[in-house]
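Going line by line, the protein sequences match chains A, B, C, D, E and F. With the first letter of the first sequence counted as 1, position 80 gets the number 80 in the working numbering; the numbers rise by one all the way through. With the first letter of the second sequence counted as 1, position 137 gets the number 1137 in the working numbering; the numbers rise by one all the way through. With the first letter of the third sequence counted as 1, position 62 gets the number 2062 in the working numbering; the numbers rise by one all the way through. With the first letter of the fourth sequence counted as 1, position 18 gets the number 3018 in the working numbering; the numbers rise by one all the way through. With the first letter of the fifth sequence counted as 1, position 130 gets the number 4130 in the working numbering; the numbers rise by one all the way through. With the first letter of the sixth sequence counted as 1, position 97 gets the number 5097 in the working numbering; the numbers rise by one all the way through.
A couple of the hints might just be wrong.
[As the list claims (entries may be wrong)] DSS-like, lysine-lysine: derived pairs with alpha carbons at most 27 Å apart:
hint, chain 1, residue 1, chain 2, residue 2
1, F, Lys5128, E, Lys4221
2, C, Lys2231, C, Lys2221
3, A, Lys128, F, Lys5231
Since the hints were derived computationally from the structure, they do not count as laboratory data.
There are 6 protein chains.
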Amino acid sequence: MRILVVNVNTTESMTDSIGRQAAAAASPGTEIVALTPLFGADSVEGNYESYLAAIAVMETVRAYTEPFDAVIQAGYGEHGREGLQELLDVPVVDITEAGASTAMFLGHKYSVVTTLDRAVPMIEDRLKLAGLDARCASVRASGLGVLELEEDPDRAVTAIVEQAESAVTQDRAEVIVLGCGGMAGLDADIRKRTGVPVVDGVAAAVTIAESLVRLGLSTSKVRTYAPPRPKTFKNWPPR
Amino acid sequence: MRILVVNVNTTESMTDSIGRQAAAAASPGTEIVALTPLFGADSVEGNYESYLAAIAVMETVRAYTEPFDAVIQAGYGEHGREGLQELLDVPVVDITEAGASTAMFLGHKYSVVTTLDRAVPMIEDRLKLAGLDARCASVRASGLGVLELEEDPDRAVTAIVEQAESAVTQDRAEVIVLGCGGMAGLDADIRKRTGVPVVDGVAAAVTIAESLVRLGLSTSKVRTYAPPRPKTFKNWPPR
Amino acid sequence: MRILVVNVNTTESMTDSIGRQAAAAASPGTEIVALTPLFGADSVEGNYESYLAAIAVMETVRAYTEPFDAVIQAGYGEHGREGLQELLDVPVVDITEAGASTAMFLGHKYSVVTTLDRAVPMIEDRLKLAGLDARCASVRASGLGVLELEEDPDRAVTAIVEQAESAVTQDRAEVIVLGCGGMAGLDADIRKRTGVPVVDGVAAAVTIAESLVRLGLSTSKVRTYAPPRPKTFKNWPPR
Amino acid sequence: MRILVVNVNTTESMTDSIGRQAAAAASPGTEIVALTPLFGADSVEGNYESYLAAIAVMETVRAYTEPFDAVIQAGYGEHGREGLQELLDVPVVDITEAGASTAMFLGHKYSVVTTLDRAVPMIEDRLKLAGLDARCASVRASGLGVLELEEDPDRAVTAIVEQAESAVTQDRAEVIVLGCGGMAGLDADIRKRTGVPVVDGVAAAVTIAESLVRLGLSTSKVRTYAPPRPKTFKNWPPR
Amino acid sequence: MRILVVNVNTTESMTDSIGRQAAAAASPGTEIVALTPLFGADSVEGNYESYLAAIAVMETVRAYTEPFDAVIQAGYGEHGREGLQELLDVPVVDITEAGASTAMFLGHKYSVVTTLDRAVPMIEDRLKLAGLDARCASVRASGLGVLELEEDPDRAVTAIVEQAESAVTQDRAEVIVLGCGGMAGLDADIRKRTGVPVVDGVAAAVTIAESLVRLGLSTSKVRTYAPPRPKTFKNWPPR
Amino acid sequence: MRILVVNVNTTESMTDSIGRQAAAAASPGTEIVALTPLFGADSVEGNYESYLAAIAVMETVRAYTEPFDAVIQAGYGEHGREGLQELLDVPVVDITEAGASTAMFLGHKYSVVTTLDRAVPMIEDRLKLAGLDARCASVRASGLGVLELEEDPDRAVTAIVEQAESAVTQDRAEVIVLGCGGMAGLDADIRKRTGVPVVDGVAAAVTIAESLVRLGLSTSKVRTYAPPRPKTFKNWPPR
């Protein structure tokens, strides 16, 4: 089984990091192919970049010429999953949803700890649309930008742990979801320090994608995610 | 005051039609500039095209070099409004939200009548995110594609009236919102036939945009719609 | 176009203030007629006075003999809008709903800052019924009574700014709505001090009323707001 | 114990009927005093009359000079309960809420069967505000006006049974609430024909009022229902 | 009228205490029979004991050979009410729901003060399922275990008052519900200290059960609570 | 990895069938151990049996002396999952939640098709509590009892397909979840006939349990699912 794990930003080192995290979660026999978008921003921290990433991820997957069995969109709180579902016959798993869905099997309420304050409403919106918000205690920001996570993992762990602890004691979360693709790899550390289960969306998404493939399940094509109708495109795709 | 009204598809005749409808609703002294996206599909009828339109509308507005006072995104149920709000200092009005918001001043519940069945969940999602769904009785599809509306207005009116009547009698709607930018101009006809107020999103958006400008109000920049952070972009914008 | 702006209390100076605020927001060619209820309390700060105001506003509008194009109910969080919609063929706009509806175009979440603590649940109830509560971050009280706002505007601004700041930082509001007809005129000052958009319900209502009139839209009469059925009244109206 | 049961319309025969129904539900030792409002419409079938009734019921209770232990507002889906709670130290029970609250002890979902179609949104709004709507399967209209119920009880029973049956089979209600003060007395008949429990709001309200009195409980005065602040009234009460 | 009040734990002294509280709330002519479950834990403070109590309460009631008119399940936030409703033809009242339902007649929002932190999610879940959560401001834990309430009532009152005060000032509750069967008898004391109405679920349940019996109402049998279908049981009931 | 799959009824042939379905979904290296409860009903079709099953499943798992890595509760819409989570350190997966959670990755809305009409509210309640109801289009009953599914699979498929088709066309479901442990094995057949993805809760639960184990995740023990406190039990467990 081959699963494409698509980064939403164009920073290759982050693609590598996501790919390693995905590979660590994969079953024997699952090949993880980590892709960097063909175009877009070096980090996605707002709606403009996120919308650009949405279309970049779609075009990147369409340009991938080898067969594959599932796709993971590895940006937390980002746009675009619905479009991938239309374009593809194989299952599509968004790490925002994967993280929340997995957390709900582990405790009464969960919280998400993300990067910047401005990402909070984006994540809240994605969880609301996904219908996975009823048991979300809070979405909290560590205040670190996406790329800062990589530059200084110790500081990242400290900042995330602080928010995680507030989520558990004040917001009554019982599980923490790491709300950024770039946090991949910090979960064990944070779990040790907070004592609650910590879900990494990328790892969760890998297991869900594998499960759907093994169960022979994929996106329903009867309505919302039917294949795009034939269109005439102007100036697209860019040469 | 100059308001940009941006079509989401690349069909010029539809841009013209939307522009005329907007101009008809505008106050004296308001200049309507109707824009066609620089790239994208000839009609938007699904998530792939919609995401592409989201980014195309943003780039089109960014490429517009004259001053302007507000922007209307003239695609019903489409993605992208949040990105525009980040990029711009002037008010941004989405016709989906404008239609719903206006309808809520006119009756206890409203319904949206749109084009294809597959657009229904997209519109439901937009209304849910906008927090304008509590008084939405239903979103109904006429079964006509976006371009069919222009080709055969009589058939369009008939199909839309049929759904509007079901919305009023079965779903208990008291107001109908036309759920497609391409329906601009059909409102008077449908109002006559159903006896309930019919809201055209484009016209509603023009009055809301004008109102915000006159009140000196624009998008809050303290969190969700703060300007994008500086980024390094790869292969973007397309040459 | 003539718009009636009806105060909910019988304090003439407050009617004047509301009228001036409305006039400042009106388009050229719009005549604002500010009305004081024929009966009722000198300020409305609870349900008893609010219900009395509801019926007083209705009777006052019915007693107005000149033609008019729209009515604004200028009490924040008060009862009665539904009755006006039944009685009249022209659009009716409640400032509570106008403020919220306008705020929702400007930020991800809004908060209302009102007068007394006891007004908070009333406003929450009106927003809930209007289906405009999903993006309401909080309703906060400044602790000042309605008439104190006029007596000491400086103190009012200070108290309101304090609550507005808490709304932005703690409740994550991105827009502030002034939750009292008597706050008309304080918006510019508060906006300067908080840095977020501040919506005055009266001004917002004027632009919405004008918009509905210009669009030829008015209250749906098919069900909830159909004209009252013929009744025999005992001891009413009072001689 | 003396309980005031206040009709919302000025039709004395309906006050009598409500009083009898209340008395039939009362415990030994409870005196039911049925009051007709001092002013208002002969039947309440819309928001204008309902708002008028709200204030009329309040003034009628205030004009009642004997001691009493609780007040029941005997109009289904009407305005005004909050005002009574402010004015009085004794418990106030609204029959809309009493009926719903009682029904929720009897089955998984309940439906309300009321008079006219236009009453449906009013009842839905009252239940929503009361937070008693989550288990409401539907509010259905029999199509009969308030006074028609008295004129032709057989026809009323037939029309109500028909809607009750649809509520049970189509809307999955397991309990029926009679949604009109004027339906008092029809419950046994309808129960026999539908096989599900039928709750009469007036009878339910009597038992709830008695219970609150016996438990020594009354309206909280710390915030929403604190006594009205001192006011200067213009032209009120009417001479 | 005979009402069975069934404790959920096997501590006889607590059954006695609950029985006394129920008797104090009962009308003349109502006989309260307090039952201790035939099996189970000495206190119920989690889901395992609660599920065990659910089935123990059912078997205990089934083993009761005298006639009775209603059953009260006297465990706050516990499982099992639905099963009793299936098994019995007489009304079943859960004290969690009785307390909430009664509180809703007394103020705009209510809070529950319970024993241990771990009981909070259980109570939240019961209120959500019962559709009585919309006006619940908070569920707060005093930190005392069920049996500690009996051992040291003074300390219990102090701890509960502290949470009640926070509920009123911070969570904006206007009514307090005592969230444990074992708190029966503390209500007067707490009411005196907080100034808001305090509802004891056991007392409230007694009046509701009496009311249902007097109104001739009992559980609907058309669907959810139809009698159990005939089954073959293995190893049950235990010899 | 060893996963216990616990039937909720005492019919051994159904345990076998569930075990086979689970084994078919399991990864190589996963051992499925299907358990029949030590006591309880031969089929669970209502709350009484379901509560009994809840405690029976818990005692059965406690009595299992070999090591295991996860537990699946294989009754659709049944009680008890929270208790298992308290008792165990390993992950617990309920098939109701597993089915819904999986379906949400496959389409915009899903419907559940279950056995008897009376099971519908039970399933709705479980989904509501799990916070997985927002995208549930409907829960529909095929009208067949649990044991009838085994006796006549052809008739079962026909009845389920009919409801599935109504769910897709009328309720706008895009995915079908089989709402009964006893439906295990019918999914492929139904998928073929309806054209939408069909999720079997047992199979879904196996993959989720495996995933949690592989990710090293288990139930959070900080609050709701902390281990039971020490208790003294009367007459339990049964000898």
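Going through the earlier hints one by one, which of them does the structure break, listed in rising order? When the structure is compared with the hints, only number 3 turns out to be violated.
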